[in-house]
Structure formats: structure tokens, C-alpha cells
Amino acid sequence: MISVHEATKIIEGTVQKWRKVNVPLEKALGSVLRQSIVADTDFPPFDRVMMDGIAIRHRDLDAGIRSFKILGVQAAGTPQQSLECAGACLEVMTGAVLPMGADTVVPYEQLKLSEDGKTASLEIAQIDKGRNIHRRGLDKKQGEVLILPGTVMGAPEMAVAASVGASTIWVSHHPTVAIVSTGNELVDIHQTPPPHQIRRSNVYALSAELARIGLKADLYHFNDDKVSLQQNLGEVLEAHDIAIFSGAVSMGKFDFLPEVLVQLGVEKQFHKIAQNPGSLFGLEQWAPQKQYSLFRAIRSLPFYVFTNTCCRG
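The numbers in our numbering rise by one with no breaks, and the one at position 36 of the sequence shown is 36.
These are computed hints drawn from the structure, not numbers from a lab.
Ideal Cβ positions, reconstructed from N, Cα and C, are used throughout, including at glycine.
Keep in mind that a hint or two might mislead.
Simulated pairs of lysine-lysine, DSSO-like, Cα-Cα distance not exceeding 30 Å [claimed, not checked]:
id : residue 1 : residue 2
1  : K118      : K140
2  : K216      : K141
3  : K216      : K226
4  : K216      : K9
5  : K216      : K27
6  : K118      : K20
Label-pair restraints from in silico Cβ distances [what the hints assert, rightly or not]:
id : residue 1 : residue 2 : range
7  : L215      : E259      : 22 to 30 Å
8  : D40       : A76       : 14 to 22 Å
9  : D116      : A155      : 44 to 52 Å
Can you build the whole structure from these sequences, using the hints too?
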């Protein structure tokens, strides 16, 4: 029997051995990142206008100018214009490049425009130099790491990766999973069990927990029949990267699973952990023709299943 901490370390070390795959960004949601996402430019990549309004030179304000001639419009997504004349301004839109020569943005809410739209006058006494400008590189500098390996790709991470042009990324392979219940006492959920049997439920709890983290599982059931396990279990193991067993892992007369797994060449990492409930929790490895396979055994009582699923992930 080993400690919960030791078991966790073994499991974490095992998970790190999954192979990595290169996938299109749009298919990476929920995957574990296996590379660094690095800024390919400064963020923002230019001095960015933060409010709709006018861009001015603050030294004109210092000179007492409060009415500005509108020379044109700097829209978002258009090349940078230049502002060089005293007493002049350019209308600017949110997200636009700050015009060259300008250093302050006055929002429309603090302006009065002439009827002909050619002049903008300030309706406030003063505005600080540099207001309403998101300076280049303020968020991140080119070459800085934006997302670390090991991060689960969610919506924010997808947006960041897209912003640096990461059209494909390296992520951990999504393992194929089998959930195997055992026992003559179990019947399918579509059946009405007789007094001496119950419906299978643990496999659905386990499947739901896996679905919550983006993994789909195939469900299997074996009765307490050693021959059937010997003849069919190997095929299940071959077809999946991970197999989770619920039941037949203790020392009962019909707990054939540990013996059959040994016969199939499965190597035990641990079989019991120092916790209650859920001490009967095992981890095995198997690699006949595949890079890696992982198997976990859990005792079949529901509170054991929930304890080990929630605590061990």
C-alpha cells in the first residue's frame, strides 16, 4: 500500500508520456498544450486608439488651442496617417493606429463638432497627455511566452493562439478510453433487475466525468467468468489507450480481473492506496504493440468510484 501522494506522483508521471500530435487550432479546444505559445510581435503591435474621437498634439493644448481643424479620419485597419500641423486633428476610431505626431486622444463625448463637421472644440478645460492610447508592447513584448505547455486550451487560450498566427499547435494525443464493469450482479440499465441484481451505474458516472474533460469512453461489461475475460479482454485493451475497471479488483473468489491482467502481460504499478474510502485503487501499464497503455482498477461500490474519480481525476 502506498500513500495518496505517491500514487498521484506515479499517475502524473505516467500521463506525461502520452504522445503529442499537431492539430489545427480549431480542433484544439480542451486539449493539453505541448508547446509554448510565443508573441510573434509586440502586443498591441502599434500605439492603439482606445476611444472614438480626435487625435491631437498635446503641445497645442499647452499653447492654448481649444478648437481643432479636422483634416481627415484614421479608421481602424487603415495605414497610419500623419498629424504635423498646429491646431489640426484627425478623427480616430477605436482600434485604429494612432496617427504619427499625435500623442493624445480626446473622445467625442468631450467635444463639440461644428455643423459642417470641419472643426472640433474641446468642452473640457484640460486632458492629460497620452490619454486614451494603448501603447505598443504594453501587454506583451515580442518573444514573450503567452501560454505555457501543460495548459488546457479553453476559449481565451484559443484566442491568444490565433492572435499570434498559431494555425496548428502541438497538443497531447486524446487517449481512447474503455470503461469496463464486471460482475454477475449487474444488468443493463434497460432491464428490470430481479431481487438479487442491480443496474449498472458506475460506468455512467465515470463516463460523465470523462466527458466533462473532453474524453469519450466506450463502455463494456463482463460477467464473473474467467474464460470470457481471458478470451475477450485483450481485444478491449488493444483498442484503447486507457481502460478503467470497476469491480473484480479485490480478493473475492470471483475477482478474476487481477489474475487475467497478469496473464495478458499487464505490469502492476500499485494496487492499494492509503485512503478510506477508495483504498482499492490500482494502476497498471501495458505496451504490447502500442507506445503506451494505462489501466486503472477501482472497487465497484459507488462511493469508492466517486472518491477515486474526483480525487484522482
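A quick look at each hint next to the structure:
1. K118 - K140: Answer violated: K118 to K140 is near 38 Å, above 30 Å.
2. K216 - K141: violated, 39 Å
3. K216 - K226: holds, 28 Å
4. K216 - K9: holds, 25 Å
5. K216 - K27: holds, 15 Å
6. K118 - K20: Not satisfied, since the Cα-Cα distance of roughly 59 Å exceeds 30 Å.
7. L215 - E259: 22 to 30 Å: This hint holds: roughly 28 Å between Cβ atoms.
8. D40 - A76: 14 to 22 Å: holds, 21 Å
9. D116 - A155: 44 to 52 Å: With Cβ atoms ~46 Å apart, the hint holds.
In terms of the numbered hints stated before, the structure departs from hints 1, 2 and 6, listed from lowest to highest.
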